[in-house]
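Colleague: Heads up: the sequence lines are chains A and B, in that order. End of the first sequence sits at 550 in the working numbering; the numbers just go up one at a time, nothing left out. End of the second sequence sits at 732 in the working numbering; the numbers just go up one at a time, nothing left out.
Rather than coming from a laboratory, the hints here were simulated on the basis of the structure. C-beta: ideal position from N, C-alpha, C; glycine also. Treat each hint with caution, since some may be false.
[Unchecked claim] Distance condition first, Cα-Cα at most 30 Å in a straight line; then the derived DSSO-like pairs of lysine-lysine:
no., chain 1, residue 1, chain 2, residue 2
1, A, 500, A, 246
2, A, 331, B, 636
3, A, 331, A, 479
4, B, 636, A, 500
5, B, 636, A, 246
6, B, 636, A, 248
[Said to hold, decoys possible] Just the calculated beta-carbon pair ranges, DEER-fashion:
no., chain 1, residue 1, chain 2, residue 2, range
7, A, 329, B, 622, 30 to 38 Å
8, A, 222, B, 601, 47 to 55 Å
9, B, 723, A, 106, 48 to 56 Å
10, A, 209, B, 567, 37 to 45 Å
11, A, 194, B, 723, 31 to 39 Å
12, B, 617, A, 17, 38 to 46 Å
13, B, 563, A, 10, 41 to 49 Å
14, A, 258, B, 635, 55 to 63 Å
15, A, 17, B, 635, 29 to 37 Å
[Claimed, not checked] Sample of chain B residues lacking proximity to chain A, with all beta carbon distances greater than 12 Å (derived):
no., residue
16, 572
17, 667
18, 686
19, 707
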Amino acid sequence: MYRYDTHDQTLVNERVAQFRDQMERYLAGRLSEEEFLPLRVQNGLYVQRHAPMLRIAIPYGMLASYQLRKLGDLARDYDRGYGHFTTRTNLQLNWPKLETVPDMLEELASVQMHAIQTSGNDIRNTTTDQFAGVAEDEEVDPRPWCELIRQWSTFHPEFAYLPRKFKIAVTGAAEDRAAIQVHDVGLRLWRDNSGEVRVKVLAGGGLGRTPMIADVVREDLPWQHLLTYLEALVRVYNQFGRRDNKFKARIKILVKALGIEEFRRRVEAEWAHLKDGPQTLTRQTVESVAAHFVDPERRPVSAEAIAAFERLRGENRAFARFVTNNVAGHKVPGYKAVTLSLKRAGQSPGDVTAEQMHQIADLADAYSFGELRVTHEQNLVLSDVPVDRLEALWNELQALGLANPTVGTLADLICCPGGDYCALANAKSIPVAQAIQERFDDLDFLYDLGPLELNISGCMNACGHHHVGQIGILGVDKKGEEWYQISLGGAQGNEASLGKILGPSFSREKVPEVIDTLLQVYVGERSDGETFLDTYRRIGLKPFKERVYA
Amino acid sequence: MPDQAPISRPESRPYLFRGQPAADTWTLVREGEAPVGGAAILPLADWLEAAPGATLAPWLPADTELTDELARRLLDAPLIAVDFPKFTDGRGYSLARLLRERYAFAGEIRAVGDVLVDQLYFMTRCGFDGLSLREDQWLEDAQRALGAFSRAYQPAVDQPEPLFRRRERERARPRQEAPAYA
């Protein structure tokens, strides 16, 4: 895990002082509402439907236990005792007081945290694979590269006022768990024949109003040039991205308007000037950052202990369910990565109470070297649990209500805060999520359905990633009423695709029933071993549509 | 929300040169305005047509595409202004960096237009050394804002070295050279 040195700490402290000054000038009327807006959002502060909202950065999803404890303190002392993990792996507090935000930022700085660039038309928090550094299918550990990007993008003097927000995702594994094809820039790290890291650079993907799958700008960028290349690419966007229409300002519109060849030509022409410049990375630089992400000192787990774990799995059905769904493989035999489910009936997806934050921090210390990851599916991960401690951890998680064995199933749905909180939303999303979770709460049915991703967004800004949900639900406003449009066939990962709209939208009450019909079609049509997505891709939209609108 | 108290407006645009309040000897001429006497900053198109001289300078609209050919002409200017039509328009930052870093323009690069206190620090990093602020901006706020940060991660016009390089230098330095905090 990256630890600040004096330079990082000084910068974050200076940022707090700068924002305190800006807040004072705003409260004194020396800074207008309009002029304060970009300053506050670049410090994560929104003014929401009911109250301000503070979005705290969790860089590339990595969180230390002492940081999570501090987040719990903030939720308890400055908010209403809970927080919300987002699809950008940040944490949102929904009820802070405007005037206290500088104090909150100061508290965050004391644990090497901040809310820098969690909003605004700038380079946002970089996201990555939640199993970075432990995944079995990993070629390159993305974390040092993410940290280099974090530093490069933090307070970048040229890119604080881009045409629109700019999101980067990085993966170094065979299976893309970071959704790089639907980001403004997606980076896939890989190794060439001589073992050197290369970067496949994608650009122009994104969800929102105009969802698009990214194009490839460059297949094989040598690692030394990562930052200069990104600088060239973002400079092209800064200069030529549209600024006349907010809805056409993302880089995807520019890439599409120019065509990928012309876009690439401009980036390469720009890069020709920056290549080999001062931001060229050296082995020494990368190694000094990578030294923050060394493996923890894992004690060896004996073959007997592994056998005992497998035995328990065979004997205890509930434990086996948990392991099958919530426990992922690990590059080190005898270790596992455990997902803590933040999804269950009666609670908004991604919500955690202050008390739970403290309890989870204790579990991270006791079971996983004091580190956690936040996933873009809005769950938490303990990445280094020895199998001989899994049963004990499972028992503790059950007691805390965090062991719902439904990760990757329909019940593990992604959901934005929606109209209950968000000023942008057209419709509520949390009640839809809860209604679906309540209707489909039978574990055997969920397991029979197999892997299924259902994503809900309360508006077309798509924070709930509905376009890449195998079942996507989008809240729309029809003459002042909340309706829901359903799409099918979206997917993240290596075979990313955008969902197709099923047809006319539905009232909120109808949504669970429609989902039920869609599932019946799948169950009726599937052939052996086919997932929902497989069946959809084979039979297409039509059979689903016919049944739902029959 | 605070009351929006009326802001007392100074008479003219506050002006900083290299971080210090300075007397402004140039007059900014917008499109369609008649040039007044003395040194004038003209719209780019007008400047390109005017006879070169030490008392005429261009201002670049934010959407200027800085080609090599245009840059060659601009290098003769005594000063180059870059317009910020809106303080949230970030194109001018790239223009200033290109003028300094790619074309090595050594004269004053001045930010004009919707130039506000809280954008000055980044402007300075990108190569602006003349800051002509909007009329209602306070000089004391501006000078404080310029000193907000003592270091930066990225290289830019004000600092050619990325922070990661500086760290490497510091690590390589023998320990005894580190300042002693008694």
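Colleague: Take the hints in turn and mark each one as holding or not.
Modeller: Now the hints, each set against the structure:
no., hint, result
1, A:500 x A:246, "24 Å, holds"
2, A:331 x B:636, "51 Å, violated"
3, A:331 x A:479, "53 Å, violated"
4, B:636 x A:500, "39 Å, violated"
5, B:636 x A:246, "14 Å, holds"
6, B:636 x A:248, "18 Å, holds"
7, A:329 x B:622: 30 to 38 Å, "60 Å, violated"
8, A:222 x B:601: 47 to 55 Å, "49 Å, holds"
9, B:723 x A:106: 48 to 56 Å, "31 Å, violated"
10, A:209 x B:567: 37 to 45 Å, "44 Å, holds"
11, A:194 x B:723: 31 to 39 Å, "33 Å, holds"
12, B:617 x A:17: 38 to 46 Å, "41 Å, holds"
13, B:563 x A:10: 41 to 49 Å, "33 Å, violated"
14, A:258 x B:635: 55 to 63 Å, "23 Å, violated"
15, A:17 x B:635: 29 to 37 Å, "30 Å, holds"
16, 572, "22 Å, holds"
17, 667, "8 Å, violated"
18, 686, "9 Å, violated"
19, 707, "9 Å, violated"
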